[in-house]
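FYI, the numbering used here numbers position 45 of the sequence shown as 25, with every residue one higher than the one before it.
Don't take every hint at face value.
[As the list claims (entries may be wrong)] Quick list of the computed label-pair ranges, beta carbon to beta carbon:
{"no.": "1", "residue 1": "Gly7", "residue 2": "Asp275", "range": "42 to 50 Å"}
{"no.": "2", "residue 1": "Arg149", "residue 2": "Pro272", "range": "17 to 25 Å"}
{"no.": "3", "residue 1": "Pro66", "residue 2": "Arg270", "range": "21 to 29 Å"}
{"no.": "4", "residue 1": "Arg215", "residue 2": "Asp252", "range": "17 to 25 Å"}
{"no.": "5", "residue 1": "Ala264", "residue 2": "Val39", "range": "53 to 61 Å"}
{"no.": "6", "residue 1": "Asp298", "residue 2": "Thr105", "range": "21 to 29 Å"}
{"no.": "7", "residue 1": "Asp19", "residue 2": "Pro66", "range": "22 to 30 Å"}
Bear in mind the hints are in silico, worked out from the structure with no lab data behind them. C-beta: ideal position from N, C-alpha, C; glycine also.
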Amino acid sequence: MSSLGETIVTGRVAAGLTQADLANAIGVTQAAMSRYENDLREPEADTIQRIGDALGVTVRFLERAAPPAAALAVDAHMRRRATARPTVWRQSEAQLNMLRMHSEFLREEVALEASLVMPGFDPFTTDPADAARLTRTQWRMPAGPARAIIRWAEAASSVVLMMDLGNRRVDGLSQWTADHPVIVVNSANPTDRIRWTVAHEIGHLVLHREDATDDMEREADAFAAEFLMPALLIRPELANLTLGKAVDLKREWGVSVAALIQRAHQLGIVSDARQASLFKQLSARGWRVREPASDEIAPERAELLDHIASHLRGRGFDDADLAQLAGYQSPETNGLIVAPTKSPLHAVT
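Let's have the full structure, built from the sequences with the hints guiding it.
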């Protein structure tokens, strides 16, 4: 079990507040807040309530939530752009931790049985592509393009949240809890990028639950490439690749044109020079920023938390009750289950 101070730090960073901001919001000095966060002094009951008010969470959540060993998860995996500032990805990581803790609170109220198992592989002895093939086989996924991959992840006990992270520098995050993983995906991205991000995070979950490696991001990308575009099936379709053909394949396989070009190069179908030429054409058309046909790919939807909410509503709980069960003060601050019109935090319905 983690300390109250760690939970306060995680909630503060997730909210984008400095230590001074939170101290001012609850009417204490920054020195006092520092002592609370470092567990050098236990806040009075009314102070804990004010902290909860400022962060939009219940006292029960602050006192019972269990972050991992550090307030900002060291075991969280994140797909982020090279341009992402440390403050951006640390806030995103803290948001993942908060959502994980809130989801654990909500899951306590419902007995869930997963129909699939999230497998685990040793990254030092298992090639990422082999891990992807084995995962597809164990899940008995149909041959061909992977459809609705969020549903597959949810069937394997994952809590998946579509969340507008407020920027496009962080694509997604994942983390194991005691018995199930949590994946947060940036809903601001186009569907093809969302699908790649989910597959990338599944790669982290199956390869890096126990062991960190020096090349985790490359391994997760290699997993995603095989998971979404199995070499045996995609290889014949990548012959004589042009941008026009890549757009058609994008519609079929649900991955970006850029990913298809990279896959063709990885499989030895296009040369270094041809790959460079295709990417040059991609840039000339402005497709590096916005590719065509992204809106023609079936949207990915996260449904598990909505099913839990529906079950609880059927037992007589209203939105205020659901918020309290998840550790939020009110439906307005509920980041797990909210009205479809609310943003930026929302579960897709």
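Do the hints match the structure? See the list:
1. Gly7 x Asp275: 42 to 50 Å: Holds, at about 48 Å.
2. Arg149 x Pro272: 17 to 25 Å: Since Arg149 and Pro272 have Cβ atoms about 23 Å apart, the given range 17 to 25 Å holds.
3. Pro66 x Arg270: 21 to 29 Å: Roughly 27 Å apart at Cβ, these two residues keep to the hinted range, so it holds.
4. Arg215 x Asp252: 17 to 25 Å: holds, 18 Å
5. Ala264 x Val39: 53 to 61 Å: At roughly 57 Å between Cβ atoms, Val39 and Ala264 fall inside 53 to 61 Å, so the hint holds.
6. Asp298 x Thr105: 21 to 29 Å: violated, 51 Å
7. Asp19 x Pro66: 22 to 30 Å: holds, 24 Å
Checked against the numbered hints given earlier, the structure breaks only hint 6 and satisfies all the rest.
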